[in-house]
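K.L.:
Keeping their order, the protein sequence lines are chains B and G. In this text, residue positions in the first sequence follow this note's numbering: the first is 4, and each later residue adds one. In this text, residue positions in the second sequence follow this note's numbering: the first is 10, and each later residue adds one.
Incorrect hints may have been included.
Calculated pairs, DMTMM-like style, for lysine to aspartate or glutamate (alpha carbon to alpha carbon, straight line, at most 25 Å) [said to hold, decoys possible]:
no.: 1; chain 1: B; residue 1: Lys337; chain 2: G; residue 2: Asp95
no.: 2; chain 1: B; residue 1: Lys306; chain 2: G; residue 2: Glu43
no.: 3; chain 1: G; residue 1: Lys265; chain 2: G; residue 2: Asp209
no.: 4; chain 1: B; residue 1: Lys372; chain 2: G; residue 2: Glu170
no.: 5; chain 1: G; residue 1: Lys219; chain 2: B; residue 2: Asp371
no.: 6; chain 1: G; residue 1: Lys84; chain 2: B; residue 2: Asp371
no.: 7; chain 1: B; residue 1: Lys306; chain 2: G; residue 2: Asp209
no.: 8; chain 1: G; residue 1: Lys323; chain 2: B; residue 2: Glu303
no.: 9; chain 1: B; residue 1: Lys70; chain 2: G; residue 2: Asp149
no.: 10; chain 1: G; residue 1: Lys219; chain 2: B; residue 2: Asp133
no.: 11; chain 1: B; residue 1: Lys372; chain 2: G; residue 2: Glu43
no.: 12; chain 1: B; residue 1: Lys337; chain 2: G; residue 2: Glu43
no.: 13; chain 1: B; residue 1: Lys186; chain 2: G; residue 2: Asp217
no.: 14; chain 1: B; residue 1: Lys337; chain 2: G; residue 2: Asp209
no.: 15; chain 1: G; residue 1: Lys219; chain 2: B; residue 2: Glu303
no.: 16; chain 1: B; residue 1: Lys306; chain 2: G; residue 2: Asp217
no.: 17; chain 1: G; residue 1: Lys246; chain 2: B; residue 2: Asp305
These aren't lab readings, by the way, just hints derived from the structure by calculation.
Single-letter residue listing:
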Amino acid sequence: MRRNQGCNPLEHEMARRQFLTGTMAGAAGMGILGTHAQADQLKRQEKRILQVFLQGGVSQLESWDPKPGTVHGGPFQAIPTSVPGIHISELLPNIAQRMHMLSIVRSINIKINDHEQGRQFMEKGRRVGDFPYVGAVASKYLAAPNSDLPGYIHVSSRGISDVAGGAAFLGAKHGQLKLEGVKPPGNLAAPEGLDAVADAGRDQLRLQFNQRFSQRRSKALTEAYDASYDQAARLMNRKAMFEGKASQQDLERYGAHDFGRYCLLARSLLENGAACVKVTHHGYDSHAENFNFHLEQLGEFDKPFCMLLDDLETRGLLESTLVVIYSEFGRTPKVNVRYGRDHWGTAWSVALGGCGIQPGAVIGSTNDKGTEVADREVDAGHLFHTYLQAVGLDSTAEHDLQGRSIPIGDPAAEPIRELLA
Amino acid sequence: MTVDIADTTTDRTAVDPNLLAPTQSHQVHEFKHEIALTTLRVDPTDRFLAAGAEDLDVQVWDLESGERRTLKGHKSWVRSIDFSADGNRLFTACWGGIVNVWDTSQPEPKPLQTIQAHQGAARFVRVSPDGQQLATCGNDLLVRVWNIADGKLVHEFAGHERHVYGVDFHPDGQHLVSQDLMGGINVWDLQSGEHKKSVDGSVMTGYDNKFAADMGGSRDLQFKPDGSQWASAGITKVTNSFAGVQDPIIVLFDWKTGKEVKQIKSADTNVKGIAWGVRFHPDNFIIAAIADRNGKGELWFRRPEEEKAFHTMKLPSAARGLDLLSDNLRVAVAHADGNARIYRMTARPPAEEAPADKTSTEKAAPAKDT
């Protein structure tokens, strides 16, 4: 006997489509046909998200909110950018030339100084609870149904533990596929000795078992497995993409180092339908030698990121791609005895641009010493709403979960409206 | 501009063997600043102690009177300092790539000359033995030599592939040695203007696998006055450099062979941090200044031929710079707590000489023989 799911499928369909219409407050008054059209239009727009995660906590004073000559300002200077009046650290000279493509939020206070808690809050927009990462949300609502790629892909040189790939209740299908470097996902190749005919037969048998199994159970229990097999099959066909055969010209522009190659891979993944690509650049947790390490790390980050930004723009993708550069927190204004800066979630910055973002803006400010937010305090909840609304999703709508509804974004927070285009 | 600079090749006063007693070293002066210091230098006539700090200024103390002057003119932290032989000219290099020249005889010195020495940080500045030139190095991967009189570029040496941390003139005045982040050491010939040889200093660098970054470089570089060796201060054995977990090290190199001849490390494996200063003492021992990651510091006294330091002096705060005064009985240390301290390598006399300034102190840091 099939269990009562508590509500009918039509209601589910309505809820999902109404969410996808996002920006239109009057969706309730539209018919089903209208909402389908909106959803399809959104799909056709193929909006997507690029997250660049500066793992460990990039120093806001050495990046987006420099304060040279002040008591905690550090040794680096601020340089003018392509936007008159906006200055950023001298460690980001290439980004400075492209500031008109980005905006900065300088007034983040997440009240968290712990790596894992800070990262979770920045990904989920909620301080506690098992909620999906923004990448998983993008996978669910932005990914094209027949995409060859998983909706949410994370390129990183080493592991960061993400329970269920950050999908939470959205299901494994929307969890991140983690790529440890520029190489195909593990176990992608068929077992040695298994030819195409045998593989097809094996898959047919699996489908028969699934069919019998699902007759007496919720469809939700089997669809995740089916989705995984389908995805794996499609990934096998696109294996070459992950192997990152970069041209010499691209390597010269992006750099032949790991992060340059990750950015090149991110470009391919975004061009080929991934709804959210996250690239992690490690090495910002500088409790010692903060200045030498930021010289090294941001020196490696600045140019390849800009090459990716340029390529997204020239290929017509930037206007439909939200770009976010973020960390789990910032770093203390006070320099410690090891020339380090420690964890600081109290007053720090992120940068973002592209789809749905007003470019060339600075939101909020910190005080003269950089120790506190002086104006327009926001946290990760506000950012989460902002990201989703920037790509046309209604972050105030609800996930529809087999009879229960869960707000997409934290109802206590709201988007940074002045940042939205 | 013409600068009158005396010959610097004269050896400093020989030490009085009846007084020297490094194992009884004790603090005799303390010069206070409000901000953590980054480096220091004492002029060859022992009149001035100049220090950079985590601000834009240079602090200059008169060692006799204790009077402090604050020199303004940099737009970034001062990383390295040197003096002319007569002490009348002060050269300061900052993270902004600027080298400023100051007249210390002025009551309120202003920059006499400002040289844009490097793009990115100018990490080191040293005066040539004849007092006519400056050597600088920096983040633009270059080593440069400047004519002090007119501030013009005399030589530019390219070849380092990573940031250049330290440079010094050989006492013959004809060669330079420079060391970069990766421990790449180059010897440059000032007569031909060419690269003479490469020396392997890779023991002084490390790749932090977890954080995917390199750490290393010479934090101080000093030739032995007879030119037979040079010493480099820095780090080795990187395990978690982002938390400051690596071993401080002094490496001695032989001038003729270009080979490493000695590694000087702490016998205490718990000491983790960076060696920020090194000096050859004429009594044939090495003095090293250490910043422990715990915020404290150490002075090591070590005869190179021996297997461990004959004395280790605990310091109240991490050391960030070291110099040996010309009497060879005192060392000056820049500290992370903002103080420059003078330590005297003698027994404490029954009635220690009267402090020369109001900030002087008789407090001796606890000493421990090793």
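K.L.:
The structure should be examined with respect to each hint, and the outcome stated for every one.
P.N.:
Status of the hints after comparison with the structure:
1. B:Lys337 <-> G:Asp95: 38 Å, violated
2. B:Lys306 <-> G:Glu43: This hinted pair is violated, its Cα atoms lying about 38 Å apart.
3. G:Lys265 <-> G:Asp209: Holds. Lys265 (chain G) to Asp209 (chain G) sits at ~14 Å (cutoff 25 Å).
4. B:Lys372 <-> G:Glu170: Status violated; Cα separation ~36 Å.
5. G:Lys219 <-> B:Asp371: 34 Å, violated
6. G:Lys84 <-> B:Asp371: Since the Cα atoms of Lys84 (chain G) and Asp371 (chain B) sit roughly 17 Å apart, the hinted pair holds (cutoff 25 Å).
7. B:Lys306 <-> G:Asp209: Distance ~30 Å between Lys306 (chain B) and Asp209 (chain G) Cα, so the pair is violated.
8. G:Lys323 <-> B:Glu303: The hint is violated at about 38 Å.
9. B:Lys70 <-> G:Asp149: 23 Å, holds
10. G:Lys219 <-> B:Asp133: Distance ~28 Å between Lys219 (chain G) and Asp133 (chain B) Cα, so the pair is violated.
11. B:Lys372 <-> G:Glu43: Roughly 16 Å separates the two Cα atoms, so the pair holds.
12. B:Lys337 <-> G:Glu43: It holds: about 14 Å lies between the C-alpha atoms, which stays within 25 Å.
13. B:Lys186 <-> G:Asp217: 23 Å, holds
14. B:Lys337 <-> G:Asp209: 36 Å, violated
15. G:Lys219 <-> B:Glu303: Distance of about 16 Å is within 25 Å: holds.
16. B:Lys306 <-> G:Asp217: 22 Å, holds
17. G:Lys246 <-> B:Asp305: 29 Å, violated
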